[in-house]
Amino acid sequence: MQPDTPSAPPALELAGVAKSFGSVVALKSADLRVEKGSIHALIGENGAGKSTLVKIVAGLYRRDDGTLALDGEPVDFHTTAESKAAGIAVIYQEPTLFPDLSVTENIFMGRQPTRRFGRIDRRAMREEACALFDRLGVRIDPDRPTDGLSIADQQIIEIAKAISLDARVLIMDEPTAALSGVEVDRLFAVARALRDEGRALVFISHRFDEIFDLCDTVTVMRDGAYVDTLPVADTTVDGLVRMMVGRDVAELFPKLPAEIGDDVLVVDGLSQPGVFHDVSFTVRAGEIVGLAGLVGAGRSEVARAVFGVDPYASGSVRVDGEPLPPGSPRAAIGRGLALVPEDRRKQGLVLDQTVARNVTLAIRERLSRWGLVWDGLENAAARTWASRLEVKTAALDAETGTLSGGNQQKVVLGKWLASDPKVLIVDEPTRGIDVGTKAEVHRLLSRLAQQGVAVLMISSELPEVLGMADRVLVMREGRLTGELDRADATPEAVMHAATAEEALR
Amino acid sequence: MTAGTAPAPSLVAGAAHLLKARETGIGIALVAVVVVATVLNPAFVFSSDGFRDLLLTPSILMVVAVGQAAVIVTRNVDLSVGSVVGLVAYLTGTLLRDVPGIPIVVVVLAGIGFGAALGLVNGALVAYAKVPALVITLGTMYVYRGINVAWTGSDRINASDLPGAFRALGTGKLLGIPLLTILAVAVLVAAAWYLRNLRGGRELYAIGSDPAAAQLYGLRVTRRVLAAFVACGALAGLAGVLFAARYGTVSSNAGFGWELQAIGAAVIGGVAISGGVGTVWGAALGAYLLLTINRALPIIGVDDFWQRAVVGALIIGAIVLDRVLAVRQHRRLVGQREAEREVTA
Numbered sequence: 001m002q003p004d005t006p007s008a009p010p011a012l013e014l015a016g017v018a019k020s021f022g023s024v025v026a027l028k029s030a031d032l033r034v035e036k037g038s039i040h041a042l043i044g045e046n047g048a049g050k051s052t053l054v055k056i057v058a059g060l061y062r063r064d065d066g067t068l069a070l071d072g073e074p075v076d077f078h079t080t081a082e083s084k085a086a087g088i089a090v091i092y093q094e095p096t097l098f099p100d101l102s103v104t105e106n107i108f109m110g111r112q113p114t115r116r117f118g119r120i121d122r123r124a125m126r127e128e129a130c131a132l133f134d135r136l137g138v139r140i141d142p143d144r145p146t147d148g149l150s151i152a153d154q155q156i157i158e159i160a161k162a163i164s165l166d167a168r169v170l171i172m173d174e175p176t177a178a179l180s181g182v183e184v185d186r187l188f189a190v191a192r193a194l195r196d197e198g199r200a201l202v203f204i205s206h207r208f209d210e211i212f213d214l215c216d217t218v219t220v221m222r223d224g225a226y227v228d229t230l231p232v233a234d235t236t237v238d239g240l241v242r243m244m245v246g247r248d249v250a251e252l253f254p255k256l257p258a259e260i261g262d263d264v265l266v267v268d269g270l271s272q273p274g275v276f277h278d279v280s281f282t283v284r285a286g287e288i289v290g291l292a293g294l295v296g297a298g299r300s301e302v303a304r305a306v307f308g309v310d311p312y313a314s315g316s317v318r319v320d321g322e323p324l325p326p327g328s329p330r331a332a333i334g335r336g337l338a339l340v341p342e343d344r345r346k347q348g349l350v351l352d353q354t355v356a357r358n359v360t361l362a363i364r365e366r367l368s369r370w371g372l373v374w375d376g377l378e379n380a381a382a383r384t385w386a387s388r389l390e391v392k393t394a395a396l397d398a399e400t401g402t403l404s405g406g407n408q409q410k411v412v413l414g415k416w417l418a419s420d421p422k423v424l425i426v427d428e429p430t431r432g433i434d435v436g437t438k439a440e441v442h443r444l445l446s447r448l449a450q451q452g453v454a455v456l457m458i459s460s461e462l463p464e465v466l467g468m469a470d471r472v473l474v475m476r477e478g479r480l481t482g483e484l485d486r487a488d489a490t491p492e493a494v495m496h497a498a499t500a501e502e503a504l505r
Numbered sequence: 001m002t003a004g005t006a007p008a009p010s011l012v013a014g015a016a017h018l019l020k021a022r023e024t025g026i027g028i029a030l031v032a033v034v035v036v037a038t039v040l041n042p043a044f045v046f047s048s049d050g051f052r053d054l055l056l057t058p059s060i061l062m063v064v065a066v067g068q069a070a071v072i073v074t075r076n077v078d079l080s081v082g083s084v085v086g087l088v089a090y091l092t093g094t095l096l097r098d099v100p101g102i103p104i105v106v107v108v109l110a111g112i113g114f115g116a117a118l119g120l121v122n123g124a125l126v127a128y129a130k131v132p133a134l135v136i137t138l139g140t141m142y143v144y145r146g147i148n149v150a151w152t153g154s155d156r157i158n159a160s161d162l163p164g165a166f167r168a169l170g171t172g173k174l175l176g177i178p179l180l181t182i183l184a185v186a187v188l189v190a191a192a193w194y195l196r197n198l199r200g201g202r203e204l205y206a207i208g209s210d211p212a213a214a215q216l217y218g219l220r221v222t223r224r225v226l227a228a229f230v231a232c233g234a235l236a237g238l239a240g241v242l243f244a245a246r247y248g249t250v251s252s253n254a255g256f257g258w259e260l261q262a263i264g265a266a267v268i269g270g271v272a273i274s275g276g277v278g279t280v281w282g283a284a285l286g287a288y289l290l291l292t293i294n295r296a297l298p299i300i301g302v303d304d305f306w307q308r309a310v311v312g313a314l315i316i317g318a319i320v321l322d323r324v325l326a327v328r329q330h331r332r333l334v335g336q337r338e339a340e341r342e343v344t345a
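Here the protein sequences line up with chains A and B, keeping their order.
Numbered as in UniProt numbering, the first sequence ends at 505 without a single skipped number.
Numbered as in UniProt numbering, the second sequence ends at 345 without a single skipped number.
Treat the hints as calculated values from the structure; they're not laboratory data.
All C-beta atoms, glycine included, are put in the ideal place defined by N, C-alpha and C.
Treat each hint with caution, since some may be false.
[Claimed, not checked] Computed beta-carbon distance windows for the label pairs:
no.: 1; chain 1: A; residue 1: 73; chain 2: B; residue 2: 200; range: 30 to 36 Å
no.: 2; chain 1: A; residue 1: 82; chain 2: B; residue 2: 135; range: 29 to 35 Å
no.: 3; chain 1: B; residue 1: 326; chain 2: A; residue 2: 182; range: 48 to 54 Å
no.: 4; chain 1: A; residue 1: 75; chain 2: B; residue 2: 147; range: 44 to 50 Å
no.: 5; chain 1: A; residue 1: 111; chain 2: B; residue 2: 31; range: 26 to 32 Å
no.: 6; chain 1: B; residue 1: 31; chain 2: A; residue 2: 188; range: 53 to 59 Å
[What the hints assert, rightly or not] Calculated from the model, a selection of chain A residues having no Cβ within reach of chain B, i.e. all distances over 12 Å:
no.: 7; residue: 80
no.: 8; residue: 110
no.: 9; residue: 223
no.: 10; residue: 313
[Said to hold, decoys possible] One side of the interface only, derived from the structure: several residues of chain B facing chain A at Cβ under 8 Å:
no.: 11; residue: 94
no.: 12; residue: 97
no.: 13; residue: 121
no.: 14; residue: 124
no.: 15; residue: 202
no.: 16; residue: 203
no.: 17; residue: 206
no.: 18; residue: 209
no.: 19; residue: 212
no.: 20; residue: 218
no.: 21; residue: 221
no.: 22; residue: 222
no.: 23; residue: 273
no.: 24; residue: 276
no.: 25; residue: 295
no.: 26; residue: 334
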């Protein structure tokens, strides 16, 4: 590949692009040059401005400054429709589908094939949808509504949509975050086929192995600005991490020694037909217990049942030896339980409310005087936590929805930490979070354990589980299939328990 | 291209789908009400007046409900339709009374046009000012009614003021079926076809299903929502013309409370108030059920005082049913996908 051939202008070129939201500068000066027939990785910490850049190219935001060119032609998008018409397809981090409409309609909405009198050709549309799914090697009923599909399935539909657009430039913002290994392989095969057709692809991911596997060029961003662009072959993970954070990350998972005390959370024989069966475990004070397993093994469901969000048919949950009534998150919070859910945007935050509101949500009653919550108390409590968590936001009264994913996660953590929990359940605490913030979250969890909090950490990232947990529980298809001490917890042992047929205990 | 890996839905599947459809349930309920009322009093159907009223009474509301359904599908609502019906009905009567010899076609078009203009005001305020439709149309409901009252004063249009040819529109029949009903059904069929088969129609559902996603898809959300309000206003205007033709008497409270009946009809017919779900067929059947029940209750022996309560219970029942069905559907869809995965795994 010869990136600097003057005869072929790059498919997509941004230079000096800037964007501010009020006083918050999201992009200072972003450069990006994506050649035709190339898969270009765009990496950077959360809040580095990747998503803002994508939204500018997609026509969702308008840039304040800088140039944007397609095939050497300067362009200026006012709407997403204009960007689409120019041949740009974007797959967003969070799937954006119409839950009430069929899978097929979701793929073709706004550009359905039509016959006479503008009548939609349903048969042609359906056949094309089937052909797209064949090409992707997946089986999804094209006639069913998208409601009830997993995030992975929804992501596949987004990809089918983008492919059907016949786009010149395809931007994928963390498309693999929710996909399984097989699905990722299929996606990569499609991406390579598109590259070989001469299209330009931009791939945003936090998974370095995927970047090295798929991409040929990488651009690094930091704090809303361009850092460097270089061929993937000429770089290493360490080198990229250094560029992203601007410093060396000494240890990815800084587990601090903590004193392990008495049993705090005791779960005994918890069952819910069709979801999980006979799940028993304990978490002790100061201990971090990792809950590993494949996606869909029932880990989140167990956590939700323990916390009282979902019901369970039999079994018991005890906190400090006292039974916890089932089905009451209120009682669970009262007894010192805290749950940081997997889907932080929907279940962990009130996106329209301020950061201060969100942080103090779980301790409203403590902050109220005569039944009213006072702004002063609220802000004081929030400030303590926001600064301790290093949430990057101009003001506590910023709307939570405007923060980056990593900062949102810190707000969710802050919300529960403000309530001084005895037991903290975190579900995928670092999903979609960059390396630097990840380490901060890990340090935070570790420090909490040192203070005597019992931590149950659900994670699909093996290094995270192995690095952080004192003990590892493994689930498979709704059953607990392994319990390993830190010393015995090797990647092989955990994966064996997560996938093997016979239960280990 | 290996087209058709999954076979197209068969006739059997189509029939099963029809049986499960929400509209079928409403249709059955409607038939049941008519049968019960007829058994108790055969004149409910088997008299010339009874048969005519059965078809005629709900026809005008049906036109309004169709427009309302199109707006609700986009996750909006139009509370001003009753006021639009009243204002246009008075305009129609005034034109026919004060401009002798005016062609009826011109009057009908003027009514529809005026209704569309009032709808445009609603739509522009909702689409551009980004204020919730509930608030905007609550305001215009009062404003339009206020204009009507100020304009009409104590005046009223009487049947004797209207030319016979126009009155015939309200009372005439074709092959034993009232003209009004034929007109209403024609409107219904056209609206249903548009919403099912044209891009514009499908986009209304998309917008109601998830407005933020519609924006990301590059759909012209503002324009579509505006169009839905204009269509709803135009249909309310048509209903105003038909109101004048049917009843002949128009005072300043014509169409009073119709907005709630139209919303009720749509909701009973399975149009989700949260948008994205439902058909105008359902809304039209809902209008028929609502008004037919109103007429049947005295025959069944339900006290006048209780009629409104019964209608209210019907609406609540419809919403609860929708909720239960939606939850069951969601569970079924999740389960179905799980089962598919197990097969492929």
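Hints, verified against the model:
{"no.": "1", "hint": "A:73 / B:200: 30 to 36 Å", "result": "31 Å, holds"}
{"no.": "2", "hint": "A:82 / B:135: 29 to 35 Å", "result": "32 Å, holds"}
{"no.": "3", "hint": "B:326 / A:182: 48 to 54 Å", "result": "32 Å, violated"}
{"no.": "4", "hint": "A:75 / B:147: 44 to 50 Å", "result": "48 Å, holds"}
{"no.": "5", "hint": "A:111 / B:31: 26 to 32 Å", "result": "41 Å, violated"}
{"no.": "6", "hint": "B:31 / A:188: 53 to 59 Å", "result": "57 Å, holds"}
{"no.": "7", "hint": "80", "result": "4 Å, violated"}
{"no.": "8", "hint": "110", "result": "5 Å, violated"}
{"no.": "9", "hint": "223", "result": "26 Å, holds"}
{"no.": "10", "hint": "313", "result": "16 Å, holds"}
{"no.": "11", "hint": "94", "result": "38 Å, violated"}
{"no.": "12", "hint": "97", "result": "40 Å, violated"}
{"no.": "13", "hint": "121", "result": "25 Å, violated"}
{"no.": "14", "hint": "124", "result": "19 Å, violated"}
{"no.": "15", "hint": "202", "result": "6 Å, holds"}
{"no.": "16", "hint": "203", "result": "7 Å, holds"}
{"no.": "17", "hint": "206", "result": "5 Å, holds"}
{"no.": "18", "hint": "209", "result": "4 Å, holds"}
{"no.": "19", "hint": "212", "result": "7 Å, holds"}
{"no.": "20", "hint": "218", "result": "4 Å, holds"}
{"no.": "21", "hint": "221", "result": "10 Å, violated"}
{"no.": "22", "hint": "222", "result": "10 Å, violated"}
{"no.": "23", "hint": "273", "result": "13 Å, violated"}
{"no.": "24", "hint": "276", "result": "4 Å, holds"}
{"no.": "25", "hint": "295", "result": "34 Å, violated"}
{"no.": "26", "hint": "334", "result": "4 Å, holds"}
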